[in-house]
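Top to bottom, those sequences are chains A and B.
Note that my numbering has the first sequence beginning at 1, numbered continuously upward.
Note that my numbering has the second sequence beginning at 1001, numbered continuously upward.
Careful, some of the hints might be misleading.
[Claimed, not checked] Computed cross-link-like contacts, DSSO-like style, restricted to lysine-lysine with a CA-CA straight-line distance of at most 27 Å:
#, chain 1, residue 1, chain 2, residue 2
1, B, Lys1025, A, Lys119
2, B, Lys1084, A, Lys123
3, A, Lys286, A, Lys314
4, A, Lys119, B, Lys1084
5, A, Lys59, B, Lys1057
6, B, Lys1084, B, Lys1067
7, B, Lys1067, B, Lys1057
8, B, Lys1057, A, Lys118
9, A, Lys123, B, Lys1057
[What the hints assert, rightly or not] One side of the interface only, derived from the structure: several residues of chain B facing chain A at Cβ under 8 Å:
#, residue
10, Asp1009
11, Phe1019
12, Leu1041
No lab work stands behind these hints, which were simulated from the structure alone.
Glycine is no exception: its CB is placed at the ideal position from the N, C-alpha and C atoms.
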Amino acid sequence: MNVFVTGMGALTSLGLSCEATFQALLEGRSGVRAYSEWAEYNGLHSRLGAPVADYDVMKIPRQVRRSMSRMSEMGALATFQALAQADLTPGANLNSPRTLLIMGSTSGSPCTFETYFKKLFEKHGPEGQLSTSFFKVMNHSVAANVAAAIGYDGALLAPSSACATSTQALILGWEMIRAGLYDVVIAGGADELHYTSTAVFDIVQAASRGYNDRPDQASRPFDEKRDGLVVSEGAGVLILESEAHMNARGARPLARIAGGTYQCDGAHMTQSSSETMMGVIREALKRGGLSAKDVDYVNAHATSTVHGDAEEAKAIAGVFGDDVPVSSLKGHLGHSLAACGAIEAIVSIQMMRDSVLVPTRNLERVADDCKGPRLIQANTPVQAKTVLSNNFAFGGINTSLLLSSPN
Amino acid sequence: MTPTADVIDQVNNLMRSGFEIPGEKLVPTATLAGDLGLDSLDAVDMLVYIEETLGVKLEGERLATVKTLQDVYLLAAESVHHSKANA
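All chains, please: the whole structure from these sequences, using the hints.
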């Protein structure tokens, strides 16, 4: 059974819609800015982030919004966009018993965790806590809040695997529709920027420290002068639909989910390996009935870390050689953690639709340990029919997703 | 006890800022649930806002008796009075 994408929505550090984000990517813009105020946090060396610009929260009714942190707000707004493009409305033409909502985040809201515990310690107890605080920090906060925002009452799952979260959601959605369990899946992820998220990477020396005074140059996947990632935020949501359901209502496909898989390496929390990355790429191809020769572009996870980029470059070259164009979007967007997989899938679809590949921003000189794959450094006209998008997460969670043009 | 204009102003302000209720709806006879659209979660948060704004302590059990905005003004006024008496 074929599974198609019929709607997409995104809020990113480069725009409040899929279209605005893609245009900014084509223009080579950076979403990264300096957070000099983070100097007050002892032990935090990386003072960079890629925030989403102000958005209109009033589009979300107060009674729903009151239990939302920033990540849920962005998740809801991205879902509004995706449902609008797909022309689906819960309660009207979206049949909840045959629909699944899968949306996750790395954790509950880090911004709310900070205010909650700050007050808890000050008051030596829960005195003065708002009733809605917990609904912002529970692990399924984004999924539950998005469901409330769109008036959805069907099946709901909230996967959480850090940077692989939304790719897992997409692949799981593909599997569920293929299994015949659902006609429509609303899949995605969201995360919000907070200094503690940057600190997670800073502590293990995986966050950029050397570009605090040059933020737009900080995230530089595969480059010889890369020194770590920049945490971003945002939300990405895609509507997946069975071919039969899509055809029955005359909807227009944007892309087809052509394969994918998620595996763990069961070895190390942070040290990903090219062997297990190659394993997940090959398994994704196998599950899609495809070979490496069928892939026209690889959207790398490459976050600009010294170790991860080198391992992924080795893995991609190991599967695809030096023939297939490869780039990472983290140089422009930063790393939006649970949102990045869905956002990168959306941009990959836009690249296929517009027949142009976005290069890796700040990739000026390919590092010796990243040589092997064909790393593109400029907008590249290519009529890609099938693309592979990687996302890898702490905990050794590896994902590869295959997307094809619908025809 | 008659609520002072200051207490009424402060309660109305937190109703506007905390719950986005338009000023014209803030009349003493307005019911919290029906006219102002506040539910049980909002009621809990309303007490927190009143405590923070007026610097008083409120008993959560009193919520059961609070039905209208006038009841909120009275509760807030009583709390301010008790707070001053105990100071």
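Against the structure, the hints come out as follows:
Simply put, B:Lys1025 and A:Lys119 have alpha-carbon atoms about 32 Å apart, too far for the 27 Å limit, and the pair is violated. A distance of roughly 22 Å separates the Cα atoms of B:Lys1084 and A:Lys123; the hinted pair therefore holds under the 27 Å criterion. Note on A:Lys286 and A:Lys314: the hinted pairing holds, with a Cα-Cα distance of about 20 Å set against a maximum of 27 Å. Between A:Lys119 and B:Lys1084 the CA atoms are separated by roughly 25 Å; this keeps the pair inside 27 Å, and the hint holds.
A C-alpha spacing of about 35 Å is found between A:Lys59 and B:Lys1057, which places the hinted pair above 27 Å, so the restraint is violated. Annotation: proposed proximity of B:Lys1084 to B:Lys1067 holds, straight-line Cα distance about 25 Å (limit 27 Å). Between B:Lys1067 and B:Lys1057, the direct Cα distance comes to roughly 19 Å. Compliance with the 27 Å bound is thereby established for this hinted pair. The hinted pair formed by B:Lys1057 and A:Lys118 meets the criterion: a straight-line CA distance of about 20 Å does not exceed 27 Å.
A hinted pair counts as satisfied when its Cα atoms are at most 27 Å apart, and A:Lys123 with B:Lys1057 qualifies at roughly 13 Å. Residue-level restraint check for B:Asp1009 is violated (minimum Cβ-Cβ distance to chain A is 22 Å; threshold 8 Å). Interface restraint check: B:Phe1019 against chain A, minimum CB-CB distance 7 Å, threshold 8 Å, status holds. At about 4 Å, the closest approach between the beta carbon of B:Leu1041 and any beta carbon in chain A falls short of 8 Å, and the interface hint on this residue holds.
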